[in-house]
Amino acid sequence: MIDKAMYNFTPLPSLIGGIIIGFSVILYFYTTGRLAGISGILANSVTNKLNRFSNFLFLLGLIIGPLIYFLFNKTSGTFEITNSLILIVLGGFLVGLGTRMGGGCTSGHGICGISRFSIRSIFATIIFISFGIITVFILQQFGIHL
Amino acid sequence: MKDKILSLACGAIFGVGLVISGMTNPEKVIGFLSITHDWDASLIFVMGGAILVTTPIFFLLKYQVKSLLSARITLTEIKNVDRRLVLGSAFFGVGWGLVGLCPGPAISSIAFFEPITFIFLVSMISGILFNKYIAN
Numbered sequence: 000m001i002d003k004a005m006y007n008f009t010p011l012p013s014l015i016g017g018i019i020i021g022f023s024v025i026l027y028f029y030t031t032g033r034l035a036g037i038s039g040i041l042a043n044s045v046t047n048k049l050n051r052f053s054n055f056l057f058l059l060g061l062i063i064g065p066l067i068y069f070l071f072n073k074t075s076g077t078f079e080i081t082n083s084l085i086l087i088v089l090g091g092f093l094v095g096l097g098t099r100m101g102g103g104c105t106s107g108h109g110i111c112g113i114s115r116f117s118i119r120s121i122f123a124t125i126i127f128i129s130f131g132i133i134t135v136f137i138l139q140q141f142g143i144h145l
Numbered sequence: 000m001k002d003k004i005l006s007l008a009c010g011a012i013f014g015v016g017l018v019i020s021g022m023t024n025p026e027k028v029i030g031f032l033s034i035t036h037d038w039d040a041s042l043i044f045v046m047g048g049a050i051l052v053t054t055p056i057f058f059l060l061k062y063q064v065k066s067l068l069s070a071r072i073t074l075t076e077i078k079n080v081d082r083r084l085v086l087g088s089a090f091f092g093v094g095w096g097l098v099g100l101c102p103g104p105a106i107s108s109i110a111f112f113e114p115i116t117f118i119f120l121v122s123m124i125s126g127i128l129f130n131k132y133i134a135n
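Residue numbers (numbering that gives the first Met the number 0), protein chains in the order written: chain A, 0 to 145; chain B, 0 to 135.
Extracted from the complex, chain A is given alone in its bound form (with noise of 0.2 Å):
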């Protein structure tokens, strides 16, 4: 029998996927000026007029580049996510509001932060993977996320 972590260890698809990601971030920056922080976008987008139009292109870009890839894949992707109403909303609010009080996310602070030597990326990319860790420990004891 396979052990299921590493079944699900993919290091090769997502070493390139990240080096994928790294180099929109940098043709995005070379050419607009703009670091690609995804929750910073997508705030801009919708409560700043300015680039209003090229932020949500970039959004629009998100969702049209894995539609292309399944086509050319004859693919539809694998999208497992829990059921519950509650984690979602609940979930959803609290990403929309940490990432925008903490000025970053994951691409933000994450990549873009990290990659510029930023303290302040460097310690947000601590919190959120740390709380992000307890809070799935916490689920699993109560037989939320297997």
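None of these hints come from the bench; they were simulated from the model. Just so you know, not all the hints are guaranteed correct.
With a straight-line cut-off of 30 Å between C-alpha atoms, the simulated DSSO-like cross-links for lysine-lysine are [what the hints assert, rightly or not]:
1) A:Lys-48 x B:Lys-65
2) B:Lys-3 x A:Lys-48
3) A:Lys-73 x B:Lys-61
4) B:Lys-78 x B:Lys-131
5) A:Lys-48 x B:Lys-131
6) A:Lys-73 x B:Lys-131
7) B:Lys-65 x B:Lys-3
8) B:Lys-78 x B:Lys-65
9) B:Lys-65 x A:Lys-73
10) B:Lys-61 x B:Lys-78
11) B:Lys-78 x A:Lys-73
12) B:Lys-61 x B:Lys-3
13) B:Lys-61 x B:Lys-1
To spell it out: a stretch of chain A is covered by chain B in this simulated footprint if at least three of its residues, at any positions, have a beta carbon under 8 Å from a beta carbon of chain B; those stretches are [to be verified]:
14) 62 to 71
15) 101 to 107
16) 132 to 141
A quick note: this is a predicted structure, and the numbers were derived from the prediction, not measured. Positions of the beta carbon are idealized from the N, C-alpha and C atoms, including for glycine.
We have chain A; now place chain B onto it with these hints.
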């Protein structure tokens, strides 16, 4: 016009990277956060791969003042770790652990046509608006 085309293209490239990396699947992110049970370390390779590319280039572009499309580059250089950063990142971490979606994959999730992700998106935007409301 170029700015808009590049924004769309960069978003699409980013989205393809997310799908290939596996991070568009919330269960895989939960697997990374589950360090005591069937830990899946893949997310480290995603962040590592991205940082491997961005670190040297950001270093080279450190003193760049104008972008290729001649936009003025203004990076905020706030240095101090304040209460908002700590509290906000903690909130984000909890929300991330509850569902396994962060903002990028949450938007890309529309490509999977799962109705429940729209509820997540609406909640996430409410959180963004709530932060703007309490910040004022």
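> Would the pair Lys-48 (chain A) and Lys-65 (chain B) pass a check requiring their Cα atoms to be no farther apart than 30 Å?
Replying inline: Holds, at about 22 Å.
> Given the hinted pair Lys-78 (chain B) and Lys-65 (chain B), is their alpha-carbon gap at most 30 Å?
Replying inline: 22 Å, holds
> Within a Cα-Cα threshold of 30 Å, do Lys-78 (chain B) and Lys-131 (chain B) meet the stated pairing?
Replying inline: Holds, at roughly 22 Å.
> Hey, Lys-3 (chain B) versus Lys-48 (chain A), does the alpha-carbon distance stay inside 30 Å?
Replying inline: 15 Å, holds
> Are the Cα positions of Lys-48 (chain A) and Lys-131 (chain B) separated by 30 Å at most?
Replying inline: 15 Å, holds
> Does Lys-65 (chain B) pair with Lys-3 (chain B) here, judged by a C-alpha cut-off of 30 Å?
Replying inline: Satisfied, since the Cα-Cα distance of roughly 17 Å is no more than 30 Å.
>> Run the distance test for Lys-61 (chain B) versus Lys-78 (chain B): straight-line Cα separation, threshold 30 Å.
In response: 16 Å, holds
>> Check the hint pairing Lys-65 (chain B) with Lys-73 (chain A) against an upper bound of 30 Å on the C-alpha distance.
In response: 41 Å, violated
> Taking 30 Å as the top limit, are the C-alpha atoms of Lys-61 (chain B) and Lys-1 (chain B) close enough?
Replying inline: 23 Å, holds
> Is it true that the CA of Lys-73 (chain A) sits at most 30 Å from the CA of Lys-61 (chain B)?
Replying inline: At roughly 41 Å apart (the allowed maximum being 30 Å), Lys-61 (chain B) and Lys-73 (chain A) break the hint.
> Within 30 Å, alpha carbon to alpha carbon, are Lys-73 (chain A) and Lys-131 (chain B)?
Replying inline: 41 Å, violated
>> Would the hint linking Lys-78 (chain B) and Lys-73 (chain A) be met if the CA-CA limit is 30 Å?
In response: 46 Å, violated
Consistency note: the structure conflicts with the earlier hints numbered 3, 6, 9, 11.
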